[in-house]
Amino acid sequence: MKRLGRRRWLILIAFLLAASFAGLFAVRTVRHALYWSRHRDEAIRPWMSVPYVARSYRVPPPVLYRAINLEPVPRDRRPLREIALEQNRPVEALAADLEKVIGEFRAHPERFPPPPPPHQSEGRRTP
Amino acid sequence: MSDYLLATLGVYGVPVLFVALLVGSAGVPLPASLLLVAAGSFVEQGELDLWPVLALSAAGAIAGDNIGYAVGRWGGRRVTRRLGRLVGGEKKIEAAEAWLKRREGVGVFLSRWLLTPLGPVVNLTAGATRYAWPRFLLYDVLGEALWVALYVLLGKFFSDRVQALNDVLGDLTWAVVGLVAAALLGVLLFKHLREPDAD
Numbered sequence: 000m001k002r003l004g005r006r007r008w009l010i011l012i013a014f015l016l017a018a019s020f021a022g023l024f025a026v027r028t029v030r031h032a033l034y035w036s037r038h039r040d041e042a043i044r045p046w047m048s049v050p051y052v053a054r055s056y057r058v059p060p061p062v063l064y065r066a067i068n069l070e071p072v073p074r075d076r077r078p079l080r081e082i083a084l085e086q087n088r089p090v091e092a093l094a095a096d097l098e099k100v101i102g103e104f105r106a107h108p109e110r111f112p113p114p115p116p117p118h119q120s121e122g123r124r125t126p
Numbered sequence: 000m001s002d003y004l005l006a007t008l009g010v011y012g013v014p015v016l017f018v019a020l021l022v023g024s025a026g027v028p029l030p031a032s033l034l035l036v037a038a039g040s041f042v043e044q045g046e047l048d049l050w051p052v053l054a055l056s057a058a059g060a061i062a063g064d065n066i067g068y069a070v071g072r073w074g075g076r077r078v079t080r081r082l083g084r085l086v087g088g089e090k091k092i093e094a095a096e097a098w099l100k101r102r103e104g105v106g107v108f109l110s111r112w113l114l115t116p117l118g119p120v121v122n123l124t125a126g127a128t129r130y131a132w133p134r135f136l137l138y139d140v141l142g143e144a145l146w147v148a149l150y151v152l153l154g155k156f157f158s159d160r161v162q163a164l165n166d167v168l169g170d171l172t173w174a175v176v177g178l179v180a181a182a183l184l185g186v187l188l189f190k191h192l193r194e195p196d197a198d
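Chains as they are written, first to last, in numbering that gives the first Met the number 0: chain A, 0 to 126; chain B, 0 to 198.
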């Protein structure tokens, strides 16, 4: 009786732990999904390429390329980490420049030249 | 680690996926799901081609799973236990073993794409319990193909929100793992409550 009772208690505790664990992650899933539906922008990270940042922030890529002193054509698809290394500066500084120009573009899009036609902006990865 | 792997994927492309998924499926904790979602985003942006991404990712994951299976099969239970401690403890191994024996192929299949954190443990225990290799391979291929296609296509569809999507998928996976564990324990508890006391 005692042994079986103890086992029941252990199973009950394990069940409650597993249910709490599932509940915790279900709440986190909903929270993340809600946050996601309200905020489209992702924090700029070293692995991102300029086209990815442009896509995520809905800004024309040439605006971002010019902000970090790169030519928009051919399209540079390297991660920001690589570009920062080439420019000999921390990736955070590069990200800050991008964030600044994104803010400016969103506030006054008319101040930026229109993007070139699509066929000119296409290009291969420049390693 | 994630940033470094994603940056490497951006520079070197699909070979990175193959190696990372092989190593990750063999039991080394790597952000494999994040890589798949990111690869889907790169496909959408025209940086990678869809079919090589799908083929090499699935090949890497299947090769890694089979390394785990081989270690379990030929490494013996001692090695399995030692590795088991690395991937989550001996109890986890025993639980996976019991589950695998009962559910057989379903266990292998579901741990490929839905209960992914259990994958390396299931590989080891499938080998250690001498689960038939052709069957293991069949369910492994089916499950990994589904996992790779699902995550890459989700990444392709939500190509501007890779990290957010990965956060949601990661939490959802753990919620499902918790739910499955709670359901199994609930059934066990119910059986114990229905049984008359031993003495």
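Rather than coming from a laboratory, the hints here were simulated on the basis of the structure.
Mixed in with the good hints there might be a few duds.
If you only want the chain A side, here are some residues facing chain B, beta carbon under 7 Å, derived [unchecked claim]: (1) R5; (2) W8; (3) P59.
Partial chain A-side listing against chain B, Cβ under 7 Å, derived [said to hold, decoys possible]: (4) P45; (5) P50; (6) N68.
Every value quoted in this text rests on a predicted model; they were computed, and no experiment measured them.
Positions of the beta carbon are idealized from the N, C-alpha and C atoms, including for glycine.
- request: Just pull the numbers of the violated hints for me, sorted ascending.
  value: Violated hints: 1, 2, 3 and 6; rest satisfied.
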